[in-house]
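**Student:** Top line first, the protein sequences correspond to chains A and B. Using numbering that gives the first Met the number 0, the first residue of the first sequence is number 0, and each one after it goes up by one. Using numbering that gives the first Met the number 0, the first residue of the second sequence is number 0, and each one after it goes up by one.
Watch out, some of these pointers could steer you wrong.
So these bits of chain A aren't anywhere near chain B, every CB distance computed over 10 angstroms [claimed, not checked]: (1) GLY93; (2) GLY113; (3) ARG306; (4) GLY328; (5) VAL368; (6) GLU552; (7) ARG553; (8) ALA555; (9) ARG653.
According to the in silico footprint, chain A covers these stretches of chain B (three or more CB under 8 angstroms from chain A) [said to hold, decoys possible]: (10) 2–15; (11) 31–43; (12) 94–108.
These are computed hints drawn from the structure, not numbers from a lab. Ideal placement from N, C-alpha and C gives every residue a C-beta, glycine not left out.
Chain by chain, the residues run as shown.
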Amino acid sequence: MSGPFRLPASAPNGFSGTRLDRARPLRFRLNGREIAGFAGDTVLSAALAAGFDLLGRQGTALIGLDPASGPAVLPVGESPAAALPMARLPAVDGADLLTLAGRRDRFPLTGIGGWVRRQVLGARQVFNLRLGDPAASVTPWLDLVPEETREADFIVIGAGVAGLAAAGLAVGLGKRVIIVETAPDPGGALPYFGAVESEAGPRDQIAALVAALTPARAPKDAPKGSAEIRTGAEAFRLYPGRVLAHEVRIVDGKARGRVVALSAPHIVIATGAVERLPIFAGNRLPGIYGSLDGFNLARRHGVWPGRRALVATPHSHAYRLALYLHDAGVAVGRIVDSRLAPNSRFIDFCKATGVTFSSGLVPLEAQPVITRDSYHLSVGFAGIAATPAASARFDTDTLVAAGSFQPQLALWLAAGGRTGWSTESRMLVPHGTLDGIAVAGAAAGWRSTIAAIRSGEAAVLNLLGRTAPPIDDPVIPALYETPDGPNPVAPRATSARQPAFLDRGQSFFTRAIGEADAAAKGRSPGLLSLGAVAAGVDLAAFQPLAAADIARERVAMGADLADEGWMAPDRPVSSTTPPSWLAGRFGDKPLMARLASTDGRVFEPGALLFSRSDAADARRAIGVVFAGAPPGETGGFAVLANPAPPAEALLFVREGGGLYTARLVSSEAARFS
Amino acid sequence: MADAPYDMAVIGSGTLPGLIAGQLALLHGKRIVLIAPTQSTYRLPRAIDLSLWPLTRPATLALLGRATTETVKLVGSIGNGLVERRDLVALADSAEGADALSHFRHLARLAGFAAEPMREAGKRTMAGTRIRDVQALSAGRFGPALADWLAKAGVRLLDQRETVVSVKRDGSCRLTFGGLTTEAADTILAGEDALATLLPEDARDRLLTLVPRTSILAASPRVALQGSIVYFPDRGVTLADLGKGGLVAFADGNPADAGARIGASLPPGPALPRLAEARFQSLVSRDGAPVFGTARGGRARYMAGLGPTGAMFAPMIARMLMGTSPADEAEWFAARAAAKGAPRSAAAEHQPLSFTTAEPSEVAV
């Protein structure tokens with residue numbers, strides 16, 4: 000076993016790690032600490048398997064490492080431009096990696112300094128990052144110049160069931176398709192959500208959808224479709240007809256990132272949904288994971304960062320994770336469902352396995368319990384509408400904090416799409432249309448697998464100008480399966496010492512977002528994610544109508560701001576042609592005059608000309624200097640009111656803080672530039 | 000429409016419409032309905048409100064000084080801590096821009112402002128002006144305070160997103176919201192968004208043109224800006240330091256190179272993550288001066304192109320709307336009246352480099 004939190008190789012339900020090759024152990028260094036893993040690990044999964052789950056602090060709040068919040072890391076000796084996201088970076092034997100920025104301590108990471116650092120900070124402090132500083136969360140890999148350009152008929156973003164179904168239909172219609180998928184394998188969240196009784200199992204469904212990407216023999220002269228899946232590639236920018244994706248590849252034993260530019264007239268966004276963070280104090284402490292993130296971590300990499308688990312959920316999907324963890328040897332102490340007396344087939348399964356079950360409770364606050372040699376969580380629960388005092392408290396190594404789901408629409412917003420708040424499902428859903436772009440699957444708000452598949456197919460048909468059949472989204476009757484509850488929001492715990500964050504990842508807004516003075520105090524804790532916007536509506540910090548506007552402005556961001564060498568065009572001036580902005584300033588027929596200085600000065604452009612030495616009201620000025628004298632001469636050129644003062648008259652130039660004298664040399668009708 | 004429930008409907012987002020509405024209600028005793036989007040401190044600012052900006056008309060600067068005194072006193076009655084003092088820096092890349100800023104500096108000094116010349120070395124030496132202690136309305140605090148003040152002033156506030164406005168030829172309007180309908184005898188289009196939405200292009204002066212504008216919130220740079228507000232007329236870029244809240248940047252013109260222009264204007268240091276971005280359109284006049292007009296073919300009144308100092312003119316505009324302007328104000332407004340597209344030689348301002356012709360080449364942010 001590599002790492003203390005690796006599930007056994009014999010774990011059933013795929014929880015031994017579908018991506019792992021346990022016959023190929025590896026070791027790499029991260030911030031000076033050696034970490035063991037297996038081929039197939041990411042740097043993040045190996046770090047969590049080794050027990051390094053403390054990411055750092057935001058203010059005084061402890062923040063845990065989870066798949067959504069992995070920092071950027073780069074090989075020792077490389078420039079920041081070589082940094083890569085920890086969650087998508089394959090672990091490579093012998094690699095020596097550093098976090099990019101934002102460390103709270105200045106200890107050296109290696110040698111004697113590294114030993115001192117471990118003694119002072121403790122063995123778990125691999126990262127010790129200062130979090131919530133937007134300047135430290137740069138993503139240089141997204142600013143890389145595309146190394147490859149590809150064209151296709153369709154680009155499908157997301158290889159979940161909706162994306163695969165869209166791609167399969169397009170291939171069947173003779174189209175060339177490129178599928179971009181962030182995860183290392185296709186299938187999306189189907190293994191987590193599972194199949195209903197009438198459906199084939201997730202593995203079989205995914206296999207069938209992938210098989211459909213290989214076209215059957217096409218009729219003679221008919222165009223032959225094709226599909227290419229680019230896994231491990233994150234689509235990060237979307238323009239009409241163009242997608243930029245970043246992918247990490249191993250070249251000569253080293254991981255390197257590159258950007259690929261993909262072009263197609265039709266784009267399907269099938270990016271699925273993200274699980275929201277339940278709102279309670281201490282909800283980002285080390286050891287707290289979303290149910291979907293936790294499921295994927297266990298399934299792909301055979302990692303569960305604790306011996307004990309507690310599951311808090313507003314829906315039945317997290318029960319599957321609880322059962323699988325139990326089967327893998329993790330002590331699942333309790334499932335706490337925020338729904339009152341829910342019905343679910345899973346409840347009977349859990350009872351049969353001896354897992355204790357509670358309902359009608361939400362996590363109120365989590366507290367870290369830290370000793371010299373151990374760390375665990377103490378989690379208080381309260382009734383949904385109860386007073387802010389915990390009615391039950393449990394100790395655990397890990398808390399699965401399951402939440403409701405929010406369609407992942409960042410790319411839709413980036414492309415100029417709009418969203419609207421659905422009061423029924425309490426989520427932001429896509430509104431309106433965009434030419435050449437369609438949204439499908441959970442990203443469009445569909446819930447069932449069959450609806451996701453049909454919506455993927457409908458997206459392709461609609462983009463091709465064809466009529467798609469209506470989509471049915473079947474729901475299991477509440478008698479058998481209680482509908483999903485809203486995202487849990489705990490009553491504010493007055494005794495809480497840790498803040499309640501609104502979302503995971505790079506967003507560090509807290510529930511103080513609802514307080515009137517939060518913005519006035521100038522807090523800017525980074526990006527406001529879609530999940531955080533939805534939480535803002537739940538907390539009544541945002542009106543539902545405003546939520547869509549806020550999401551549009553704050554969720555989909557372009558490249559980091561940097562000097563790319565842009566230069567303003569020059570606008571030269573002329574000593575014979577006054578600038579146009581002085582036209583009309585001194586009447587309909589102003590003069591262009593040559594002035595001589597009586598004390599050898601060259602006048603500064605912009606200085607004002609008066610006929611009296613005591614005049615200082617700019618509205619009484621008779622002219623403005625627009626150019627200094629040529630080299631070797633004095634005075635300058637001015638626009639002057641008509642008629643010109645007599646040649647012998649002394650004129651007064653107010654320049655800077657001084658008053659200087661001049662005489663008129665010549666004048667003529669002004670012609671402006 | 001004398002029996003309409005409201006004397007005037009003031010329409011538009013931003014500071015100026017709210018201040019005008021409040022003044023009309025409090026000082027002029029009018030029954031006012033304000034149609035504006037509900038304030039949210041998490042929306043990106045569309046503009047900044049300052050007591051001074053690089054202007055080249057002595058008459059405007061003279062009135063602005065007086066108007067600022069009046070408006071700051073008014074804002075003081077709305078709440079405490081709503082006015083901040085900031086350093087404004089304007090830097091020109093071009094010789095033409097540097098001359099215009101030099102003239103502005105001379106005008107500002109004569110008007111009593113602490114204006115200093117400055118030079119900035121870089122890829123190209125920039126010349127400009129620093130003005131100390133410019134007064135600015137606090138972006139984060141002002142919106143909520145304004146809403147409370149308007150409620151106390153008896154101004155009815157309707158959410159622009161939930162209200163259908165029908166402007167009639169006689170200048171009155173019908174307002175439909177939540178299944179209810181009300182009317183106002185006069186319509187004042189005080190926000191550029193309202194003007195762009197409610198008046199077709201041929202009903203507003205041809206001097207007015209829509210310019211793309213990008214507003215970006217970024218993390219704070221490690222090296223401080225040259226001033227808390229920095230304006231680059233030759234780049235169409237303005238940077239405003241929000242302290243711990245980061246930095247907000249505005250770029251007029253083509254959104255496709257807005258990021259590059261802003262990036263070139265930042266202090267040296269590592270790249271700054273974008274935290275928020277909004278793209279919208281701003282109405283500006285082709286001669287650089289504000290426009291006060293009446294809808295062609297109707298009687299609804301409008302104003303546009305006032306720039307960052309617009310809010311300071313709110314009490315003055317309220318007097319103009321009531322027909323009680325003193326002579327010098329009336330003269331100033333007359334010179335800035337809509338002119339059927341003809342340039343107004345007695346009012347035209349220095350125009351920064353035109354970014355108005357560029358069209359968005361892509362819509363992604």
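**Student:** For every hint, state whether the structure bears it out.
**Tutor:** Hint-by-hint comparison with the structure:
Every CB of chain B lies more than 10 angstroms from the CB of GLY93 (chain A), the least distance being 29 angstroms, so the non-interface label holds. Listed as outside the interface, GLY113 (chain A) is consistent with that label: its C-beta sits roughly 25 angstroms from the nearest C-beta of chain B, beyond the 10 angstroms cut-off. For ARG306 (chain A), the requirement that its beta carbon stay farther than 10 angstroms from each beta carbon of chain B is met, with the minimum near 38 angstroms. Listed as a non-interface residue, GLY328 (chain A) keeps its Cβ farther than 10 angstroms from every Cβ of chain B; the least gap is roughly 41 angstroms.
For VAL368 (chain A), the requirement that its beta carbon stay farther than 10 angstroms from each beta carbon of chain B is met, with the minimum near 32 angstroms. Non-interface call for GLU552 (chain A) relative to chain B: violated, since the shortest CB-CB distance, roughly 5 angstroms, does not exceed 10 angstroms. The non-interface label for ARG553 (chain A) is inconsistent with chain B: the shortest C-beta to C-beta separation is roughly 4 angstroms, within 10 angstroms. A beta-carbon of chain B comes within 10 angstroms of the beta-carbon of ALA555 (chain A); the shortest separation is about 6 angstroms.
Annotated as non-interface, ARG653 (chain A) brings its C-beta within 10 angstroms of a C-beta of chain B; the closest such distance is 7 angstroms. Evaluation of the coverage hint for the stretch 2–15 of chain B: breached, as 0 residues show C-beta separations to chain A shorter than 8 angstroms, against a requirement of three. Figure legend: the stretch 31–43 of chain B, annotated as covered by chain A; annotation consistent (7 residues with Cβ-Cβ distances under 8 angstroms, at least 3 required). For the stretch 94–108 of chain B, the stated coverage by chain A holds: 14 residues have a C-beta nearer than 8 angstroms to a C-beta of that chain, and at least 3 were required.
Of the hints listed earlier, those the structure fails to meet are numbers 6, 7, 8, 9, 10, in rising order.
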